[in-house]
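Enquirer: Chain by chain, the residues run as shown.
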Amino acid sequence: MRHRYTCAMRWSDMDAYGHVNNVVYLTYLEEARVDMLFALGADHGTKALAEGVLVAHHEIDYKRPLVYHSRGVDIEMWVGAIKGASFEIRYAVRDDTTVFATAASLLVPYDLVNARPRRVSPEERAFLGQYVETD
Amino acid sequence: MRHRHETQLRWSDADMLGHLNHARLLALVEDARMALLAQAPGGDVTGGRSARGVILARLEVDYLAQVRYRVDEVLPVESWVLRLGGKSLTLRQELSQDGAVVLRADAFCVMFDYDADASRPIAADERKFWDHYVEESS
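Those protein sequences? They're chains A and X, same order as listed.
Using the numbering used here, read the first sequence as starting at 1 and increasing by one per residue.
Using the numbering used here, read the second sequence as starting at 1001 and increasing by one per residue.
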């Protein structure tokens, strides 16, 4: 199963080249994670993630230039692997016909109060497990 | 008539004070402005440089209340014309949260020919378009 989120674009996301700046793609991915992990996940026992999850690694391939559109852009998401204290989210930034970028993030659940990473909880594992796709 | 635009907050718009950063809020009213400009004669959604462009010359902003970030929240922006001149117009814009105006901005927009790098008069078809949005100052 994949999660699909339509991310609102802003005119200021574009740079002098007339397309969405490469750095802004990471903000789009962040918005998609917030929707999946914080909003959707809150109903499935992953509320703790909203209280602390760190990005440990990003990788992104830019495939096609993306231009501002008022309808926004879709982010398709799935889970690559769930380890003991981290998990990987994979993404496709796309519309119905074109993939603009593919990306992956390694996320670490984090206890902000005690300033240390923690293990993925059974509830989080169950929620994320629905989205696992292996290559 | 007022133009209405819905704008989506982003997680990274909030700063360490736990509210929406003041500078980020300007991008939200800019979005509303660009959506309105895109509908004007000669406008396009990507707001590209053209002989019938518009440039921002002055922006005056009142921050009336803190804006809170909530996941997936969409905020309305209303825009209308306070003053329609020969080469420029002043657009008033209000961003609201929970039914109250939280930001009020006056944007002084100058009609601009990007090819000639110079201001230009408002064309007749543009004036007709902007006339719909004229509202007296309260």
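The hints are simulated quantities; they were obtained by calculation from the structure and are not laboratory data.
Some hints here could point you the wrong way.
Sample of chain A residues facing chain X (criterion: CB under 10 Å; computed from the structure) [unchecked claim]:
{"#": "1", "residue": "C7"}
{"#": "2", "residue": "M9"}
{"#": "3", "residue": "W11"}
{"#": "4", "residue": "M14"}
{"#": "5", "residue": "T27"}
{"#": "6", "residue": "E31"}
{"#": "7", "residue": "V34"}
{"#": "8", "residue": "D35"}
{"#": "9", "residue": "F38"}
{"#": "10", "residue": "G52"}
{"#": "11", "residue": "A56"}
{"#": "12", "residue": "G72"}
All C-beta atoms in this analysis are idealised placements derived from N, C-alpha and C, irrespective of residue type, glycine included.
Enquirer: Taking 10 Å as the limit, does the beta-carbon of E31 (chain A) come near enough to a beta-carbon in chain X?
Expert: Since chain X brings a Cβ to about 6 Å from E31 (chain A), closer than 10 Å, the hint holds.
Enquirer: Hint validation: W11 (chain A) versus chain X, beta carbon distance must be below 10 Å. Holds or violated?
Expert: 4 Å, holds
Enquirer: Please check whether V34 (chain A) passes as an interface residue: C-beta within 10 Å of a C-beta belonging to chain X.
Expert: 5 Å, holds
Enquirer: Does F38 (chain A) meet its interface restraint, that is, does its C-beta lie within less than 10 Å of any C-beta in chain X?
Expert: 5 Å, holds
Enquirer: Taking the closest Cβ pair, is M9 (chain A) under 10 Å from chain X?
Expert: 9 Å, holds
Enquirer: So, as I understand it, the hint says D35 (chain A) touches chain X; can you test that by seeing if any CB pair is closer than 10 Å?
Expert: 6 Å, holds
Enquirer: Taking the closest Cβ pair, is C7 (chain A) under 10 Å from chain X?
Expert: Holds: closest Cβ of chain X sits about 8 Å from C7 (chain A), inside 10 Å.
Enquirer: Against chain X, run the beta carbon of G72 (chain A) and see if the smallest gap drops under 10 Å.
Expert: 8 Å, holds
Enquirer: Against chain X, with CB atoms and a cut of 10 Å, does the hint on A56 (chain A) hold up?
Expert: 18 Å, violated
Enquirer: T27 (chain A) was flagged as interface toward chain X. Is the shortest Cβ-Cβ separation under 10 Å?
Expert: It holds, given that the least Cβ distance between T27 (chain A) and chain X is near 6 Å, below 10 Å.
Enquirer: Can you verify the interface hint for G52 (chain A): is its Cβ closer than 10 Å to any Cβ in chain X?
Expert: Since chain X brings no Cβ nearer than about 13 Å to G52 (chain A), farther than 10 Å, the hint is violated.
Enquirer: Less than 10 Å between beta-carbons is the criterion; does M14 (chain A) satisfy it with respect to chain X?
Expert: Constraint on M14 (chain A) satisfied, holds at 7 Å.
In the structure shown, a violation is registered for the earlier hints numbered 10 and 11, in ascending order.
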